[in-house]
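Asks: I would like the entire structure built from these sequences, with the hints used as guidance.
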Amino acid sequence: MTVALPREKVRTRLSDAASGLLYLSPSIVLFGVFLVYPLLRTIYLSFFRTDTQGTPLEFVGVGHYSTLFTSAAFWQSIQATVGFVLLTVPLTILIALGLALLANEKLKGMGIFRTAFSATMGMSVAASSVIWMFMYNPSIGIFNRFLEAVGASGVQWLLDPQYALLSVSLATVWMNIGFTFLILLGGLQNIDRTLYESADIAGTSYWTQLRAITIPMLSPTLFFVGIISLINAFQTFGQIDLLTKGGPTNATNVIVYAIYKDAFINYNVGSASAQAVLLFIAVLLLTWLQFKLVERKVHYQ
Amino acid sequence: MKSIQLQQLAKSFGETEVIRGIDVTIEAGEFFALVGPSGCGKSTMLRMIAGLESITSGTLRIDGVAANGMKPSERHLSMVFQNYALYPHMTVEKNITFGLHTKGLTKLEQRERCLQAAETLGLTDYLKRKPRELSGGQRQRVALARAIVTEAPICLMDEPLSNLDAKLRAKMRSEIRQLQRKLGLTMIYVTHDQVEAMTMADRIMLLNEGEVQQVGKPLDLYNKPANTFVASFIGSPPMNLVNVTRQEKGWMASDGRLFHPNALTETSQATLGVRPEQIKPADEDVTFYAELKNIEVLGTETILAFDVGGNEWLAKWPGQWPLTVGEKVACYVDPKQMSLFDTNGQRIEPRQPKLFEALEVFQ
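Residue numbers (numbering that gives the first Met the number 0), protein chains in the order written: chain A, 0 to 300; chain E, 0 to 362.
I should point out that these hints are in silico values taken from the structure, not numbers from a laboratory.
Among the hints, a few may not be true.
[As the list claims (entries may be wrong)] Here are the computed distance ranges between Cβ atoms for each label pair:
| id | chain 1 | residue 1 | chain 2 | residue 2 | range |
| --- | --- | --- | --- | --- | --- |
| 1 | A | Val149 | E | Asn82 | 50 to 56 Å |
| 2 | E | Val23 | A | Asn189 | 35 to 41 Å |
| 3 | A | Lys105 | E | Val324 | 53 to 59 Å |
| 4 | E | Ser173 | A | Lys105 | 38 to 44 Å |
| 5 | E | Val23 | A | Thr114 | 41 to 47 Å |
| 6 | A | Gly97 | E | Asn82 | 54 to 60 Å |
| 7 | E | Thr55 | A | Ala118 | 46 to 52 Å |
| 8 | E | Gly13 | A | Ile111 | 49 to 55 Å |
[As the list claims (entries may be wrong)] Each computed DSS-like pair below joins lysine-lysine, with the alpha-carbon atoms no more than 27 Å apart:
| id | chain 1 | residue 1 | chain 2 | residue 2 |
| --- | --- | --- | --- | --- |
| 9 | A | Lys291 | E | Lys129 |
| 10 | E | Lys70 | A | Lys107 |
| 11 | A | Lys291 | E | Lys216 |
| 12 | E | Lys216 | E | Lys248 |
| 13 | E | Lys102 | E | Lys70 |
| 14 | E | Lys106 | E | Lys93 |
| 15 | E | Lys170 | E | Lys216 |
| 16 | A | Lys105 | E | Lys70 |
| 17 | E | Lys1 | E | Lys70 |
| 18 | E | Lys93 | A | Lys291 |
[Claimed, not checked] Some, not all, of what chain E presents toward chain A, calculated at C-beta under 7 Å:
| id | residue |
| --- | --- |
| 19 | Leu51 |
| 20 | Ser53 |
| 21 | Pro71 |
| 22 | Met78 |
| 23 | Phe80 |
| 24 | Ala84 |
| 25 | Gly98 |
From the three backbone atoms N, C-alpha and C, an ideal C-beta is built for every residue, glycine too.
Replies: In structure tokens form, the structure reads like this:
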């Protein structure tokens, strides 16, 4: 049953909505211009053949998508992306967790280590990539120097298709540790000390406490860090561009780099848009899956 | 049952001394309350006994064995924390049995003990719940269950009732006391609430700024406070105090009121103390007259407020007294019930039954 509202009430409701929208307008405009419009435009373009400027010329339906699914290069970039994610995300979280557990101990001079462990957060991807480029350099880099010193032969870290993805992943792990470490350390420090004191009195071992108290109590933070790292790994671009440019033989041509090359080097905007849409759907599904599967095991207080 | 002995126990954080040379023996099976204002070091002392805080100097003996370097788990004690320290992600049952595997108990034995402890504390219906689904009082019981399930002979409690409302607190007070008696636990109980200490403890240790003020039975502390700090901390309302000087006729407050306490001392300056309930309506003998500043009629008793030598004194008269502010009432204090403290605040023991004859009465 609908009840007609008196005119007065309708008017106040409308003006309430108007002033509400007014307050929201800055973020609506920002989100609209920089997120919603590009997203819709990308979806739109993925159905068109375009000229080099990205102006749509001809509607091709799902043509770009069907071409992609039969393209070996596309599957190669998917493989590189999945490999990159699997190499970076678990390793970053594991190392950062280890460092955070160490830095959470109450020892003298721990502030120095905390600063050191989180320092990579303050470094730009470009600067760190250049550092790693020098370290991977086959003739002057420290890795090969070390290998030669122990009698092994040097490795073409960034030029050998066998090692390139691993090398880029290692550099990425190093770059991401700072942020992950800081978030995990914050999570650890939020755990009530008395929980451990009570466990100490009960006589449980360090490992039991880690398994039964620390990990469950840290699970919301781990979950957050996991999702952020996963999305970040899927969107990696900077270090690929600086270290390998997607090479050698497309071994490090991860999806975002492939999109960039298609759109701005090959001027194939339609196909690039289709890949971007596929990436968007993949990340959306994975995040949704993570929420569904993992959240049940997360203990929020 | 185990006894605990502290010998010159001290604790410093850097330069700051928080516990200064404490000597005390806590007997097996005793309910021992550690009382003091916040920051007096009582919690630190408890944590030193538990092994959660290192001992700077002195010796801690548990059942005669030096325990300074022992791990918390080797001291065979249990502890209840102020915030209960329950694991939010575990069920009540898991919370209670957590750590029992270290004592070599099988799953079945753990479950049996857990059921027994839950039975004792009325938690049987809540074993499958998480702590957040429990009320404050139930969480408190889980913490108690966790303490008793280990069957440790010594139990430490750090302000366990301070998060409960007044009604529940009174209930839990007697429950904890009964539990301690039933299980024969040696209990060390930290509280800032002197009522808790008075009602629960076999003996009380009153601490202030890391130093022992007095150790004794609750009524000893109440009736014979060792110094003015004890006198003003124990009792509600606390003991009335006033500075007095020695005169020929007795001890005189700055407003000219005379008192004749039963104490002998050479000094000419002292502090006189009288419990509010020892100031009685005068029948024949009048100790002093008081001009009332305030009256609170509480039904069973009446609290009178008046000035003595610049300090506000309170008197507690039984019954309901229809008095008005500004009225002058005659009060009587038995000289035997007056306490006298020297200029350092230390109690002067009475040595003679009566020192001064009551000669004059201040009008």
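Asks: All hints, please: hold or fail.
Replies: Do the hints match the structure? See the list:
A C-beta distance of roughly 54 Å is found between Val149(A) and Asn82(E), which places it inside the suggested range of 50 to 56 Å. The given range of 35 to 41 Å is respected by Val23(E) and Asn189(A), whose C-beta atoms sit roughly 37 Å from each other. Between Lys105(A) and Val324(E) the CB atoms are about 58 Å apart, so this pair conforms to the stated range of 53 to 59 Å. Between Ser173(E) and Lys105(A) the beta carbon distance is about 39 Å. The supplied range of 38 to 44 Å therefore holds.
Between Val23(E) and Thr114(A), the C-beta spacing of about 45 Å keeps the proposed range 41 to 47 Å intact. Between Gly97(A) and Asn82(E), the C-beta spacing of about 29 Å breaks the proposed range 54 to 60 Å. A hinted range of 46 to 52 Å is violated for the C-beta pair Thr55(E) and Ala118(A), which are about 36 Å apart. Look at Gly13(E) against Ile111(A): about 20 Å separates their beta carbons, and that is not inside 49 to 55 Å.
Restraint check: the Cα-Cα separation between Lys291(A) and Lys129(E) comes to about 22 Å, which is no more than 27 Å; the hinted pair holds. At roughly 21 Å between alpha-carbon atoms, Lys70(E) and Lys107(A) fall within 27 Å of each other, so this suggested pair holds. About 60 Å separates the Cα atoms of Lys291(A) and Lys216(E), which puts this hinted pair outside 27 Å; it is violated. Between Lys216(E) and Lys248(E) the CA atoms are separated by roughly 35 Å; this puts the pair beyond 27 Å, and the hint is violated.
Between Lys102(E) and Lys70(E) the CA atoms are separated by roughly 15 Å; this keeps the pair inside 27 Å, and the hint holds. Pair hint Lys106(E) plus Lys93(E) holds up; C-alpha atoms about 11 Å apart against a cutoff of 27 Å. Of the supplied pair hints, the one linking Lys170(E) and Lys216(E) holds, its CA atoms being roughly 22 Å apart against a limit of 27 Å. Under the criterion of a C-alpha separation no larger than 27 Å, the hint pairing Lys105(A) with Lys70(E) is consistent with the structure, at around 17 Å.
Taking the CA atoms of Lys1(E) and Lys70(E), the gap is near 17 Å; set against the 27 Å cutoff, the hint holds. Restraint check: the Cα-Cα separation between Lys93(E) and Lys291(A) comes to about 26 Å, which is no more than 27 Å; the hinted pair holds. Because the beta carbon of Leu51(E) sits about 5 Å from the nearest beta carbon in chain A, less than 7 Å, this interface hint is met. Violation of the interface hint for Ser53(E) is found here, the shortest Cβ-Cβ separation to chain A being roughly 12 Å, above the 7 Å cut-off.
At about 5 Å, the closest approach between the beta carbon of Pro71(E) and any beta carbon in chain A falls short of 7 Å, and the interface hint on this residue holds. Hint on Met78(E) holds. Least Cβ distance to chain A is approximately 5 Å, under the 7 Å limit. Nearest Cβ of chain A to the Cβ of Phe80(E): about 5 Å, under the 7 Å cut. The hint holds. Because the beta carbon of Ala84(E) sits about 4 Å from the nearest beta carbon in chain A, less than 7 Å, this interface hint is met.
The restraint placing Gly98(E) at the interface with chain A holds, with a minimum CB-CB distance near 3 Å, inside the 7 Å limit.
Of the numbered hints listed earlier, those contradicted by the structure are 6, 7, 8, 11, 12 and 20.
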